[in-house]
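**Student:** With the hints as constraints, model all of the structure from the sequences given.
Heads up: the sequence lines are chains B and S, in that order. Counted from 1, the first sequence has number 107 at position 104 by the numbering used here; the numbering is strictly sequential. Counted from 1, the second sequence has number 150 at position 147 by the numbering used here; the numbering is strictly sequential.
There's no promise every hint is true.
A pair counts as met if it fits within one copy or between any two copies, since identical chains are not told apart.
In silico lysine to aspartate or glutamate, DMTMM-like type, Cα no more than 20 Å apart, as pairs [as the list claims (entries may be wrong)]:
1. 195 / 23
2. 195 / 18
3. 93 / 70
These aren't lab readings, by the way, just hints derived from the structure by calculation.
There are 2 protein chains.
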Amino acid sequence: LDSGALSKIEAQLNELHPAEIANLLESLPLQNRRIVWELTNPELAGDILVEVNDEVRLGLIEHTDEDDLVAAVGSLDTDDLADIFEDLPKVVLHQVVRAMSNQDRRRLQSVMSYDEDSAGGLMNPDMVTIRPNVDLGVVLRYLRQRTELPANTDKLFVVDRDDRYLGILNISDLLTTNSKESVSNTMITDQKALLPTLSANEVALFFEDYNLVSAPVVDEDNRLLGRITVDDVVDVIRDEADRSLLSLAGLDEDDDMFAPVTRSAKRRAVWLGINLFTAFLAAWVIGIFAATIEQVVALAVLMPIVASMGGIAGSQTLMLVIRGIALNQIGTTNARWLLWKELAVGSLNGILWACVVAAITGFWFQSQSLGLLIGVALVINLIVAALAGATIPLTLKKMNIDPAIAGGVILTTVTDVIGFFSFLGLATVFLI
Amino acid sequence: LDSGALSKIEAQLNELHPAEIANLLESLPLQNRRIVWELTNPELAGDILVEVNDEVRLGLIEHTDEDDLVAAVGSLDTDDLADIFEDLPKVVLHQVVRAMSNQDRRRLQSVMSYDEDSAGGLMNPDMVTIRPNVDLGVVLRYLRQRTELPANTDKLFVVDRDDRYLGILNISDLLTTNSKESVSNTMITDQKALLPTLSANEVALFFEDYNLVSAPVVDEDNRLLGRITVDDVVDVIRDEADRSLLSLAGLDEDDDMFAPVTRSAKRRAVWLGINLFTAFLAAWVIGIFAATIEQVVALAVLMPIVASMGGIAGSQTLMLVIRGIALNQIGTTNARWLLWKELAVGSLNGILWACVVAAITGFWFQSQSLGLLIGVALVINLIVAALAGATIPLTLKKMNIDPAIAGGVILTTVTDVIGFFSFLGLATVFLI
Numbered sequence: 004l005d006s007g008a009l010s011k012i013e014a015q016l017n018e019l020h021p022a023e024i025a026n027l028l029e030s031l032p033l034q035n036r037r038i039v040w041e042l043t044n045p046e047l048a049g050d051i052l053v054e055v056n057d058e059v060r061l062g063l064i065e066h067t068d069e070d071d072l073v074a075a076v077g078s079l080d081t082d083d084l085a086d087i088f089e090d091l092p093k094v095v096l097h098q099v100v101r102a103m104s105n106q107d108r109r110r111l112q113s114v115m116s117y118d119e120d121s122a123g124g125l126m127n128p129d130m131v132t133i134r135p136n137v138d139l140g141v142v143l144r145y146l147r148q149r150t151e152l153p154a155n156t157d158k159l160f161v162v163d164r165d166d167r168y169l170g171i172l173n174i175s176d177l178l179t180t181n182s183k184e185s186v187s188n189t190m191i192t193d194q195k196a197l198l199p200t201l202s203a204n205e206v207a208l209f210f211e212d213y214n215l216v217s218a219p220v221v222d223e224d225n226r227l228l229g230r231i232t233v234d235d236v237v238d239v240i241r242d243e244a245d246r247s248l249l250s251l252a253g254l255d256e257d258d259d260m261f262a263p264v265t266r267s268a269k270r271r272a273v274w275l276g277i278n279l280f281t282a283f284l285a286a287w288v289i290g291i292f293a294a295t296i297e298q299v300v301a302l303a304v305l306m307p308i309v310a311s312m313g314g315i316a317g318s319q320t321l322m323l324v325i326r327g328i329a330l331n332q333i334g335t336t337n338a339r340w341l342l343w344k345e346l347a348v349g350s351l352n353g354i355l356w357a358c359v360v361a362a363i364t365g366f367w368f369q370s371q372s373l374g375l376l377i378g379v380a381l382v383i384n385l386i387v388a389a390l391a392g393a394t395i396p397l398t399l400k401k402m403n404i405d406p407a408i409a410g411g412v413i414l415t416t417v418t419d420v421i422g423f424f425s426f427l428g429l430a431t432v433f434l435i
Numbered sequence: 004l005d006s007g008a009l010s011k012i013e014a015q016l017n018e019l020h021p022a023e024i025a026n027l028l029e030s031l032p033l034q035n036r037r038i039v040w041e042l043t044n045p046e047l048a049g050d051i052l053v054e055v056n057d058e059v060r061l062g063l064i065e066h067t068d069e070d071d072l073v074a075a076v077g078s079l080d081t082d083d084l085a086d087i088f089e090d091l092p093k094v095v096l097h098q099v100v101r102a103m104s105n106q107d108r109r110r111l112q113s114v115m116s117y118d119e120d121s122a123g124g125l126m127n128p129d130m131v132t133i134r135p136n137v138d139l140g141v142v143l144r145y146l147r148q149r150t151e152l153p154a155n156t157d158k159l160f161v162v163d164r165d166d167r168y169l170g171i172l173n174i175s176d177l178l179t180t181n182s183k184e185s186v187s188n189t190m191i192t193d194q195k196a197l198l199p200t201l202s203a204n205e206v207a208l209f210f211e212d213y214n215l216v217s218a219p220v221v222d223e224d225n226r227l228l229g230r231i232t233v234d235d236v237v238d239v240i241r242d243e244a245d246r247s248l249l250s251l252a253g254l255d256e257d258d259d260m261f262a263p264v265t266r267s268a269k270r271r272a273v274w275l276g277i278n279l280f281t282a283f284l285a286a287w288v289i290g291i292f293a294a295t296i297e298q299v300v301a302l303a304v305l306m307p308i309v310a311s312m313g314g315i316a317g318s319q320t321l322m323l324v325i326r327g328i329a330l331n332q333i334g335t336t337n338a339r340w341l342l343w344k345e346l347a348v349g350s351l352n353g354i355l356w357a358c359v360v361a362a363i364t365g366f367w368f369q370s371q372s373l374g375l376l377i378g379v380a381l382v383i384n385l386i387v388a389a390l391a392g393a394t395i396p397l398t399l400k401k402m403n404i405d406p407a408i409a410g411g412v413i414l415t416t417v418t419d420v421i422g423f424f425s426f427l428g429l430a431t432v433f434l435i
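**Tutor:** So, in structure tokens, the structure goes:
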């Protein structure tokens, strides 16, 4: 890249939105990422740091002067600052916090006292509140005095003297109602407020159900703490989706696609190690029947079929239940129904494919008894797979472990072990 | 359930939001679902039908009188009606369309002429448009004359006499700017409009990047067709997330969790059949080396380890690339970088775990050469897994096949076949 090309890139770059630059940075290998970062308009730097994922952010912060960081981060909204707070060097934090107003500092503390993945962590204290006893004309004049409204202001929050939440006034009602009408007559009082301890996932489901743009957050005394806006909820849904997909492979949604090779390798190694353990467990089960295999080598040829079909059938049930849990659609009553249904489906498919596999096997190895054996083993494994696929995620959920992370590994272990054990065990009893 | 309990349920039910009732219906087994559906307030029926997934909707429609359906569906917004249009019986459609105004009929046709998963399919023609040459006071009076605004109206769309899109007027600017100012001076002209052919996924990324509540859709002549609102975008993100998770197991996000057993079994059977084919392929590879296994039965014990480690390592790369493709973060230039990086990670982890497996194997079977063999096979399979994990989704994407559906099956086939072939092949050459 010569300097002519660089200044061309710089011009193009600074026409982009911070989120687009963040996207670009995430998709660049490390060296190019640093070059582009240095070309970026410093005014956008703060917003870009908020948008990139955790690991990319740490890398960028490492390559930025402290003074530039203070300037970049100082202009951020309180909730955004709270999101990246812990990634910033202490010296920078010290300067940023010192430069804040007392009110902003209190707000930052309030947001940071809650878990990042809760309503409290998502909320933004920046909002417009009004009193119930004024008329809409007063509200309109009050808004005109402000030069701008916080982003995504679709409603104003009505509070009493003690900041207790009373209801909302929709901007659309403000615009279409006679300005002589009072706030208390126009406001909506049945908009439920969220508690700061609600999980981010439940906040997202709430926004989805009610098609909201913003929603109030109140403490246990019904005092208004802040509001959550749909742009943050969209990020929650995307992050949860990425997380549940990537965690199936033991990955983290905040990992950098272009992390240094050694760092990536180290991270992946842990997951491979866990799986190696379960693979050795399966090997040990096979080892028990080594003498049987020595006599009938066809067993070695066929045994992966029983194990893999169990794994596939089990993962179908597993995915269905994981999704149901994420959508809050599975409780104790219907879990039982679901289990019965999955067992029935597993049995039906077990019998169907057992016939197919038995026929092919019988023909391939010219042995009806081998065909019968593998068929029975397949039925057993598919029923166990349905049972495991339904109960593992529900059990993990009860133990507060993310079923998407551990579910797949445990399921495969079960279907491998049962698959090998049933097939080789039956063969040892009936074939030898 | 006695009639007392039923009337209690009915009272509780009709305090819920349509989306919550939809959720409840989806999580109920078939019989209970019908009972609850009959108790539901008919006024909410239309919105509930829009919210439930395709298969549940078809079931509910089947159990509803035609007259009730006409009443339920007649009051829906155009974009919502378009979404469920094809699921409705022809008689009902005929009556609904006949009752529509000419304008609504034209709008419905326009929305339905686009793919459901495109900007055109997502858009809603219901919006407020204004002219550039009036002042804000006129706009305020115009809005007051309407008794209500369409949901999620955070901006008004400025168009010329021919309905050509000129820019947007944010409601917040309308509220904070002097009412003598003209629309043309206050409007924002750099808000990009979307083409109706843009895919739903790209619409979602656009909303995420720009934190939007609504965005205009224009045709190729820049004529305003409608707008997309964030509540529909949230549903797109959720659906895509569900789809990519469930399609890994060959499931469809529109399937009913409580579909009749035979229907579920039939659907799952297809996926099991595909996987059975690949399992037999792997078995056939093992079969080639049956004579070798007969001589060294330890090979049968150990071979699943090589195959399964390859599958795990490959799926890590696969998931990373599938996510990158979904986020539009992988192009031709960085795909090459990514491939090299994944190959390096695969090699490193291959060597690391080869040493571990070789040591354990050597100790278990008291054979250094067997340990060496499995180590080499493991390195080969992990490198092939990285290569396959990176290239399979990119190739599928180029062929316009969803990498999440087919990627996993193809990858497992590759890692199984290469795993068995390399381990047993090496053993045949060097051990016998």
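**Student:** Check residue 195 against residue 23 for me: Cα-Cα at most 20 Å, and say if that holds within a copy, between copies, both or neither.
**Tutor:** between (34 Å within a copy, 14 Å between copies)
**Student:** Have a look at residue 93 and residue 70 and pick one of within, between, both or neither, based on CA distance no larger than 20 Å.
**Tutor:** Within one copy only: 13 Å inside, 68 Å across.
**Student:** State whether the alpha carbon distance between residue 195 and residue 18 is at most 20 Å within one copy, between copies, both, or neither.
**Tutor:** For residue 195 and residue 18, only the inter-copy Cα distance (13 Å) is at most 20 Å; the intra-copy one is 40 Å.
Every hint, counting from the list given before, is met by this structure.
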